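These protein sequence lines map, in sequence, to chains R and L. Following the working numbering, the numbering of the first sequence begins with 1 at its first residue and continues without gaps. Following the working numbering, the numbering of the second sequence begins with 1 at its first residue and continues without gaps.
Derived from the structure by calculation, the hints contain no laboratory data. Predicted model only: the values in this text are computed from it and were never measured. Check before you lean on any hint, since a few could be wrong.
Listed below are the simulated SDA-like cross-link pairs for lysine to any residue, each with C-alpha atoms no more than 25 Å apart in a straight line [to be verified]:
no. : chain 1 : residue 1 : chain 2 : residue 2
1   : L       : Lys47     : R       : Glu152
2   : L       : Lys238    : L       : Trp201
3   : L       : Lys5      : R       : Arg143
4   : L       : Lys327    : L       : Glu258
5   : L       : Lys5      : R       : Arg183
6   : L       : Lys310    : L       : Leu328
7   : L       : Lys5      : R       : Glu140
Partner residues are not named here, just some residues of chain R that face chain L (Cβ under 10 Å, in silico) [unchecked claim]:
no. : residue
8   : Asn46
9   : Tyr48
10  : Arg132
11  : Arg133
12  : Tyr134
13  : Glu135
14  : His165
15  : Leu166
16  : Thr170
17  : Ile174
18  : Tyr225
19  : Leu226
20  : Asp227
Note that CB positions come from ideal geometry on N, CA and C, so glycine has one too.
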Amino acid sequence: MRRMTVIAGHYGSGKTELAVSLAMELAQGSQREYPRLAIVDLDVANPYFRSRERMDLLEAHGVAVYGDTFHSTGATAELPALTAALRAPLEDEGCRTIVDLGGNDAGARVLRQFGKYFEGNDHELWAVVNFRRYETLTLETAREHVEAIQNELQIRVTGLVNNTHLLRETTAGIIREGYEKARALSEAMNIPLLFTCYPAGIVQPEELEGISPLRPLGLYMRPAYLDK
Amino acid sequence: MITDKVLMKGNEAFAEAAIRGGARLYFGYPITPQSEVPEYMSRELPKHGGCFVQAESELGAINMAYGAGSAGGTVFISSSSPGIALMQEGMSFLCSAEVPLLAMNVSRGGPGIGGIQPAQADYYQVTRGGGNGDYKIPVFAPASIQEAVDMLYAGTDMAQYWRNPIMILADGMIGQMMEPVRLPEFKPVLAPHEIAGKRDWACTGYADRGGDQNRRVVKSLRMQPEKLEEHVEKLFRKYAQMEKELAKYETENLKGAEVVFVAFGTTARICREACEILAAQGVKAGLIRPISLWPFPDKAFDEIDFGTTKAVISAELSMGQMITDVKLALNGRLPVYLAHRTGGMVPTTPEVAARAKAVLEGLK
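All chains should be modelled from the sequences, with the hints used to inform the complete structure.
Have a look at this one:
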């Protein structure tokens, strides 16, 4: 795995859940390839549901969190301001860094100013796709979406992630439907499909026979009362 | 085509529902946490033959809505708290002139420019109105994205039927969160030449009226006090009818409840979980969820089990505004307390449950 993982995708594709769960997994893992671990929250498009909201949990597990200037868990300003400090984990060769972008190509745009850190081979760019998002229901619209992100960033997408879901209404059938489309997208774009996510506790891995690799995703970001 | 369920962000779903409901005109100005609505409209409305205008301010937007609505257009506007405040003068004008409008407030913390996190402190603003004069606007408060979609979809016709603005009040959480929704099919839309016939009051010009030479006037200026009084009384006969027809609510577990929460929108969802926490602790708690905020669903309160219920708690994301209507509806039958956070803070479910226990404890 490369040192920096940039996670892009549609609003609601599950970028932030994936970023937080990946950071937590790396933090709790026994083997650490890099001495330091950081999550860079570059979501300045969206005022709610950002990875910096889980700063306390992440930092308690040794994940440094870089987001806004105030290093706060709440949205403190409407001005999309980033902290200069977030260049540190991008530059630090001893830091495994996960970059959580804002939604869509517009949300991803903010990464452009850090383009020089992604000129080498030390990174990967994942595009998370949810084929149950209204604007990426088909192969064609999903392709347009991934291409828009790639064009905006001027960085090649190195892998696709199938995270087709309807939150707590996700079924194995919905994931399978998305998997078939993701495979077709992978073939059409000549980009590897890295893995398929499933919501832990809602769909069982046994229901997803034939789909691999699989990756469970917790719902770190969503308050429980939203599902009452 | 009725779609399978799809995952949508609240604001995107609101915009799509308004388009599917027949809205083809949108005027607005971006403001967090609802900026995805104008963004979506600017991109999608032209594909449906509609028109998006970014106004120079919310003052401009509401007056564009006044003009387009007067000409018989199906108009949707949206904003967030301070932006809705700027529109209040226009709301009064639209009510007086009986111009239909579907409006949405995705509300945030105040007063003033406030913050961008969810709040319900615009309850007075939208139910009492910040504009001048005697007028009323029906207000509906969704607790889920699907409910908001259904309200907006129905809202276009409702506004035309009553010839009045209709307001959907969602807090920022409903606008920003994601949920699975089933989108309704596209409603047929009137062609411009059909408007004069179907909306027989609209200022369309004479061309499409088949020789009808009667003048159509949409106005709010009435200089003779007798005429103005007559007009306001006519409006209030309409509002009385709205009160009979539009009050809407849901109740849960009122039978045998010791304590009853009253909450709308996101807060209702928090209270639902708080009821479960209380049940696990042996306290029976019920919920009244007003769906219409004006007319306020007074009748819901007659369903309270007065044999068992000792207290009613108005749960709000404000310093307590709906609580006034809760007290009016109860008319002294039970003591009323407040459970609240404000400024964009959202109470946790254990906090709300603890408040209910403390209230019951205090009554012993």
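Consistency of the hints with the structure:
no., hint, verdict
1, L:Lys47 <-> R:Glu152, "24 Å, holds"
2, L:Lys238 <-> L:Trp201, "16 Å, holds"
3, L:Lys5 <-> R:Arg143, "21 Å, holds"
4, L:Lys327 <-> L:Glu258, "18 Å, holds"
5, L:Lys5 <-> R:Arg183, "22 Å, holds"
6, L:Lys310 <-> L:Leu328, "17 Å, holds"
7, L:Lys5 <-> R:Glu140, "19 Å, holds"
8, Asn46, "7 Å, holds"
9, Tyr48, "4 Å, holds"
10, Arg132, "5 Å, holds"
11, Arg133, "5 Å, holds"
12, Tyr134, "4 Å, holds"
13, Glu135, "8 Å, holds"
14, His165, "7 Å, holds"
15, Leu166, "4 Å, holds"
16, Thr170, "9 Å, holds"
17, Ile174, "9 Å, holds"
18, Tyr225, "4 Å, holds"
19, Leu226, "6 Å, holds"
20, Asp227, "8 Å, holds"
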